[in-house]
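S.K.: Starting from the known structure of chain A, arrange chains B and C on it as the hints suggest.
One letter stands for each residue in the lines below.
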Amino acid sequence: MNLLISLTALGVVAMFGGILKFRSMVMPLSVLGLIGASLLGVYAWNTNQSFLNDMMRMDNYAIAFSIVCMAGTLLTILFFHFFHSENEIHYAEAVALMLFAVAGCAVMVSFTNLLMLFLGIEILSLSLYVLAGLRKKDLLSNESSLKYFLMGAFSTGFLLFGIALLYGATGSFATTQIAYQLGIAGMNGMAAMGLLLLMIGLLFKVAAVPFQFWTPDVYQGAPTIVTAFMATVGKVAAFAAFLRLFQLCFAPSKEGYQLVIGTVAAITMLAGNIMAIYQSSTKRMLAYSSIAHAGYMLIAVMTLNASSNGSILFYSVAYTLASISSFLIVMVVQQNRNNDTADDFNGLGKTNPWIAFALAVSMLSLSGIPATAGFFGKFYVFSSAVSDGFIWVVAVAVISSFISIYYYFRPVIAAYSKQTHDPVMTMPAGTQALLILLSLLTILLGILPGFIAGII
Amino acid sequence: MLLEIKTSATSTAVDYFPIVIQFVFAAGFVATTMFVTHILGPHLKTKKKLKAFESGIKSVGNARQPFAIKYFLTAILFVLFDVEVIFLYPWAVNFLDLGMGGIITMGLFMVLLLIGFFYIIKSGALDWE
Amino acid sequence: MNLSGVLIPFVPLLGFIINGLGFPKVSKRWAAWIGCGSVFISFLIASVLFIQSLTGSFESTTISLFDWIVAGNINVGFSFFIDHLTLIMLMIVTGVGFLIHVYSVGYMHDDEGFGKFFSYMNLFIFFMLVLVMGANFVMMFIGWEGVGLCSYLLIGFWWKNREYSAAANKAFIMNRIGDLGFILGIFLMFITFGSSDFDKVFAGSSAFATNDHVMVAITLLLFIGAIGKSAQIPLYTWLPDAMAGPTPVSALIHAATMVTAGVYMVARSNILYSIAPISLEVVTVVGLATAVLSALIAITQSDIKKVLAYSTVSQLGYMFVAEGSSAYSSGIFHLMTHAFFKALLFLGAGSVIHALHHEQNLRKMGGLRKLLPVTFITMFAATLAISGFPPFAGFFSKDEILVATYEKSPAVFWILAATSVLTAAYMFRLLFLTFYGEYRGGHHQHEHIHESPRVMTVPLMILAVLSTLGGFLGLPALFGDTHWLSHYLEPVFAANTRLTEHSESSLLEIMIVVLTVIVIAVIWWWCNEKYVKKKVAPAIVEDQLPLWYKLSYNKFYVDEIYDRVIIKPLEWMGDFFYGKFEANVIDGAVNGLGRMTVWLSGQLRKIQTGNIGFYVLSMVIGIVLLLIYGLSKMNLF
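Sequence order for the protein chains is A, B and C. Residues in the first sequence are numbered consecutively from 1, following this note's numbering. Residues in the second sequence are numbered consecutively from 1, following this note's numbering. Residues in the third sequence are numbered consecutively from 1, following this note's numbering.
One chain only, chain A, in its complex shape (with noise of 0.2 Å):
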């Protein structure tokens, strides 16, 4: 709780930075604010309190989230930093917004009242509706906006209306009140109806097919930055919201919606992988890697079980910090070369060898290659899918898999084994070496993957 507040007083902080002219100060602030706050989630582990009438249990599951989108959103306003330029007009603003997303993410992930639920994913939403259309001139980037405001609007009503039936059936919105009258009363029609159009307004928040259709445009018209935190903080919220409301309201009944999760999984995998392959853009085709791994981390939320929490949490990281590298890298090339074709990134490993390496890693991670964090994802989903004998979704998850390679590898393939005669790229200071750190990190977790997966 003490958690919250203080991130929510950074917000407001940060966005008096613009106007009250201590512009210079928002990002030491933020992060030193960031680090205070994620403290406090550590100094909080274990003690399982809970807040505002039984509203948020601040449980270990929502610390370690929290931890982690406040890590992703640490990164991104770094990186925002480096990148910002000085007309940069809401810079300030741009800062406090993403700190109130990422106070969103911490109630969504403490939720243990629907309400809160709701309310977590709403501040959220705003934030990066707003966010996206950050660059105000930008035709691309209003567009991407009010698309994604559209849909998300859309998706809000079945949210809405998901949690009405559910109040409608069990006469609660408190999580274990909610499991308790399912318990006794079973799966009646209007709690089936309402957790349907629960799973299909999170499916849409998660980017999941048949619910994806925004997720290309919107990453692709918001600034980088902005797709950056989206695609990392936004999703990984999401995905604990998800699974947390699963596993606190819906777990006993799983075998019911079990396969419906599955199934979209499945599709989802393979749509977003083979979609990805045809884009020339390295941003849309991140932005389809993005809904590939949405799949991929269904499965966790499908088998349900004691292992879940600790694959999603594990999978989040690794996502997280190949995500973040990997668009940083496009930011730098896009800078440089005014593109973001694979053409662009020629001789990446004679110019910039440093960039080249940390392509290189984030891609493996993000294609699953051992020794780097994101086959320990995969490893951990996949594995307790496998054990819980559903064996044709991993089936389908390693064929993707082995499809996702092809457009992984193409990045990393012009990086090393192709020339350029375009000068070295130049990039702020400090960008190399976070990039280096963040690749790090990923083989690090890649070699000794007990350090997270075992910690909720």
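Some hints could be false.
What the hints assert, rightly or not - Computed footprint of chain C on chain A; a stretch qualifies when at least three of its residues, placed anywhere within it, have a C-beta under 8 Å from a C-beta of chain C:
| no. | segment |
| --- | --- |
| 1 | 58-66 |
| 2 | 182-193 |
| 3 | 241-248 |
| 4 | 270-281 |
Unchecked claim - Simulated crosslink set (SDA-like; lysine to any residue; CA at most 25 Å straight-line):
| no. | chain 1 | residue 1 | chain 2 | residue 2 |
| --- | --- | --- | --- | --- |
| 5 | A | Lys-136 | B | Pro-42 |
| 6 | A | Lys-21 | B | Leu-112 |
| 7 | A | Lys-147 | C | Gln-608 |
| 8 | C | Lys-606 | A | Phe-409 |
| 9 | C | Lys-633 | A | Lys-136 |
| 10 | A | Lys-147 | C | Gly-613 |
| 11 | B | Lys-122 | A | Pro-28 |
| 12 | C | Lys-568 | C | Leu-180 |
| 13 | A | Lys-21 | B | Phe-117 |
| 14 | C | Lys-633 | A | Phe-409 |
| 15 | C | Lys-633 | A | Asp-388 |
| 16 | A | Lys-136 | C | Thr-609 |
| 17 | C | Lys-606 | A | Leu-140 |
| 18 | C | Lys-550 | C | Phe-576 |
| 19 | C | Lys-633 | A | Leu-259 |
| 20 | C | Lys-633 | A | His-84 |
| 21 | A | Lys-136 | B | His-38 |
| 22 | A | Lys-21 | B | Lys-51 |
| 23 | C | Lys-28 | C | Leu-44 |
| 24 | C | Lys-370 | C | Gln-608 |
| 25 | A | Lys-136 | B | Asp-127 |
| 26 | A | Lys-136 | B | Tyr-71 |
| 27 | A | Lys-21 | B | Ile-115 |
| 28 | A | Lys-137 | B | Leu-112 |
| 29 | C | Lys-606 | A | Ile-163 |
| 30 | C | Lys-633 | A | Pro-252 |
To be verified - Every beta carbon over 12 Å from chain A, so not counted as near; a handful from chain B, in silico:
| no. | residue |
| --- | --- |
| 31 | Asp-15 |
| 32 | Val-24 |
| 33 | Gly-28 |
| 34 | Thr-32 |
| 35 | Phe-53 |
| 36 | Ile-57 |
| 37 | Ile-115 |
Everything labelled a hint here was simulated from the structure, so no lab data went into it. Note that beta-carbon positions come from the ideal geometry of N, C-alpha and C, so glycine has one too.
M.R.: Leaving out everything else, chains B and C in the frame of chain A:
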């Protein structure tokens, strides 16, 4: 709890019957009114009568054209603060029951609103020029 | 028991690392010191343990270094096991190995890959020691594969010659066939006993009835491994080709140590074999057939090393016959004496080759007795030893095997005895063609022939002493009840071996002694007639040869048969699968799948029109489908 409403979990279709009646009544009222006004009202179709009514001022040009965003901004900000006042009513009604905790909560709410208001003024959203 | 035993394999490994990493920076002088010194240190440690075992202050022990493979119920430790059998093997490997290392200093002196050679040799010693010291079959297998690797590296040491590298490949590939059997045997052990540790496997085997299917299968699979490594029928053809390596390699790897690994392995698993008499019979038959066939081939070969190679194959057959007759200690005894005299023969042949500037053809030798006196005398001793002339080493060990087989089956005894005659014949033929008569090479070369340096002749002399006296470690019952070796190995073979202490065999032994002496005298006379007086040299033109000679000279066309029956069809299949099947079917399918995916991607991306209305419509359709599917899954529809 504030948000808990006690119902029996095993509600049947019959329990929703009043809602159905209300729904029918509402829809019926709208339909009936629309239908009846067309029959009862006097029919006088002159050119001036068919023109858009704009508080007695003579209408000029097409209404569907873009105009300054400033109007929207002001309007939206007005609605925002207007709606937030609504929260004050239930609090005022239960003022005594909620006691000191209520005052603190509402104070916090107002402070947050004021921060937002401060931000709006400072960022120049209300400057017309 | 102290831990010094662990050092035995690792000192040569250290030598390998230094010489291997240092090559070619380390000077030849240092490479020689490191190479020989590391083996000598191992030899010293082994000797200390050996002396301890003689004085009785030694108990067989298992030294576990760490858990190596832990998976499920399987736990393979990286551990060593030392008992009396291991000690005998350790003494042979480090002792003979050290002598051959010293000899190599002289033999390889002018070779540019000197340091590399010693690093490979040290690596070989390391793996051989792991093989004999491993406390489980997996460790043994590691050593087994390691010595195979070193054998490959050393056969192809002069890899610039294409034939030599082809010989190396042949050795490696044929060994792989055997290794497959071995590793299947290990898997079967894991399935049956849940472990490959010697103690657990041997303890577990007591629960099985005689000739139980599983035990027969395990022992036969292990024996397939032994067939590959110890060059028995049908996998023996790699060994003669392996003579492409430098001669010290032939002496160390392809005579004294590595090829006897199969014999060691069967002896080590004697408890398993005793439960499976059927397997023992297979061992006997294979060993016997190999002994006869290769002796028949050896008698006509014109390459000095080829003769010795076939002789090795034949002698290995002897050892397997001994083990097949449950006379395990006799097999090990023969392994030991064979290591002495066969290493000596190879080193002597190497000395001759060295003196004649890499001439290996017997046709171009002759009359070297005066020119190479040390080599001649030592080789003469070795020839007497291998021919089984009393009281040289080979007599005792061979005599023991013959006696053991007679007790088991007189037929085997007679075949083996006849093979002994053949052995003596081809060995004396080799001796006469090399050292007696007149020199048949060019006159120019004749003047340059000189005895090898001391660094080569001293190991020859030491080995000659061992070949002469080594047999007294196992005096037969005839000469009193003092068979030292079989008593020494009693803890290992106690339950399964037949100690040759039967008094009724005395008559047989006397008969063997007398017969041996007479046969060798006859052969001596015959060789003298043929090669000294008539000056018959091995034939050159094949057409004039009698049929049996041609068959033998061409090694019974076994290589050609293998080529037709196995290699050619395999190559045809390879061509078919590579050229036709892969190009069309596999590549077609793989590339087709890839193309299909890309095509699908091109089609699927079209649904991302960018039109919100279409998006919402698609989502609504998706929602409806999902609701229908979900509700029907929950049986509410």
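S.K.: Each hint needs a verdict: does it hold in this structure or not?
M.R.: Each hint tested on the structure:
1. Coverage of a stretch by a chain is defined here by at least three residues with a beta carbon nearer than 8 Å to that chain's beta carbons; for the segment 58-66 of chain A and chain C the count is 0, and the condition is violated.
2. Only residues whose beta carbon comes within less than 8 Å of a beta carbon in chain C count, and the segment 182-193 of chain A has 5; three or more means the coverage holds.
3. Coverage of the segment 241-248 of chain A by chain C is violated [criterion: at least 3 residues with CB-CB distance below 8 Å; count 0].
4. Proximity of the segment 270-281 of chain A to chain C, defined as three or more residues with a beta carbon under 8 Å from a beta carbon of that chain, is established by the 7 residues found.
5. Taken as a hint, the Lys-136(A) and Pro-42(B) pair is broken in the structure, with Cα atoms around 51 Å apart against an allowance of 25 Å.
6. Between Lys-21(A) and Leu-112(B) the CA atoms are separated by roughly 21 Å; this keeps the pair inside 25 Å, and the hint holds.
7. About 13 Å separates the Cα atoms of Lys-147(A) and Gln-608(C), which keeps this hinted pair within 25 Å; it holds.
8. Only pairs whose Cα atoms come within 25 Å are accepted, and Lys-606(C) paired with Phe-409(A) is accepted, the gap being roughly 24 Å.
9. Restraint check for Lys-633(C) and Lys-136(A): not satisfied, since their Cα atoms lie roughly 46 Å apart, outside the 25 Å limit.
10. For the hint pairing Lys-147(A) with Gly-613(C), the CA-to-CA distance comes to about 10 Å; that is within 25 Å, so the pair holds.
11. The hinted pair formed by Lys-122(B) and Pro-28(A) meets the criterion: a straight-line CA distance of about 23 Å does not exceed 25 Å.
12. Pair hint Lys-568(C) plus Leu-180(C) holds up; C-alpha atoms about 22 Å apart against a cutoff of 25 Å.
13. Distance check on the hinted pair: Lys-21(A) and Phe-117(B) sit about 18 Å apart at the alpha-carbon level, within 25 Å; holds.
14. Taken as a hint, the Lys-633(C) and Phe-409(A) pair is broken in the structure, with Cα atoms around 39 Å apart against an allowance of 25 Å.
15. A distance of roughly 18 Å separates the Cα atoms of Lys-633(C) and Asp-388(A); the hinted pair therefore holds under the 25 Å criterion.
16. Distance restraint check for Lys-136(A) and Thr-609(C): the Cα-Cα separation of roughly 24 Å lies within the 25 Å cut-off, and the hinted pair is therefore satisfied.
17. The suggested pairing of Lys-606(C) with Leu-140(A) holds, with an alpha-carbon distance near 19 Å, which does not exceed 25 Å.
18. For the hint linking Lys-550(C) to Phe-576(C), the alpha-carbon distance of about 36 Å lies beyond 25 Å, and the restraint is violated.
19. Between Lys-633(C) and Leu-259(A), the direct Cα distance comes to roughly 8 Å. Compliance with the 25 Å bound is thereby established for this hinted pair.
20. A hinted pair counts as satisfied when its Cα atoms are at most 25 Å apart, and Lys-633(C) with His-84(A) does not qualify at roughly 50 Å.
21. The suggested pairing of Lys-136(A) with His-38(B) is violated, with an alpha-carbon distance near 48 Å, which exceeds 25 Å.
22. Restraint check for Lys-21(A) and Lys-51(B): not satisfied, since their Cα atoms lie roughly 52 Å apart, outside the 25 Å limit.
23. Restraint check for Lys-28(C) and Leu-44(C): the C-alpha separation of about 24 Å stays at or below 25 Å, so the hint holds.
24. Using a Cα cut-off of 25 Å, the hinted pair Lys-370(C) and Gln-608(C) is violated, with the two alpha carbons roughly 96 Å apart.
25. Distance restraint check for Lys-136(A) and Asp-127(B): the Cα-Cα separation of roughly 20 Å lies within the 25 Å cut-off, and the hinted pair is therefore satisfied.
26. Proposed proximity of Lys-136(A) and Tyr-71(B) is supported: the alpha carbons are some 18 Å apart, at most 25 Å.
27. The straight-line distance between the Cα atoms of Lys-21(A) and Ile-115(B) is roughly 17 Å, inside the 25 Å bound, and the hint therefore holds.
28. Restraint check: the Cα-Cα separation between Lys-137(A) and Leu-112(B) comes to about 30 Å, which exceeds 25 Å; the hinted pair is violated.
29. A threshold of 25 Å between alpha carbons decides the hint, and for Lys-606(C) with Ile-163(A) the separation of about 34 Å lies outside it, so the pair is violated.
30. Restraint check: the Cα-Cα separation between Lys-633(C) and Pro-252(A) comes to about 15 Å, which is no more than 25 Å; the hinted pair holds.
31. Residue-level check failed: Asp-15(B) sits 10 Å from the nearest beta carbon of chain A, not beyond 12 Å.
32. Distance check for Val-24(B) against chain A: the nearest CB is about 20 Å away, which clears 12 Å, and the non-interface claim stands.
33. With a least beta-carbon separation of about 24 Å from chain A, Gly-28(B) lies farther than 12 Å from that chain, consistent with its non-interface assignment.
34. For Thr-32(B), the shortest C-beta to C-beta distance to chain A comes to about 29 Å, beyond the 12 Å cut-off, and the non-interface label holds.
35. Consistency note on Phe-53(B): stated as away from chain A, and its beta-carbon is indeed over 12 Å from all of that chain's, at 32 Å minimum.
36. Against the 12 Å criterion, Ile-57(B) stays outside the reach of chain A, whose nearest CB is about 33 Å from its own CB.
37. Consistency note on Ile-115(B): stated as away from chain A, yet its beta-carbon is not over 12 Å from all of that chain's, at 6 Å minimum.
Violated hints, in rising order: 1, 3, 5, 9, 14, 18, 20, 21, 22, 24, 28, 29, 31 and 37; the structure is consistent with all others.
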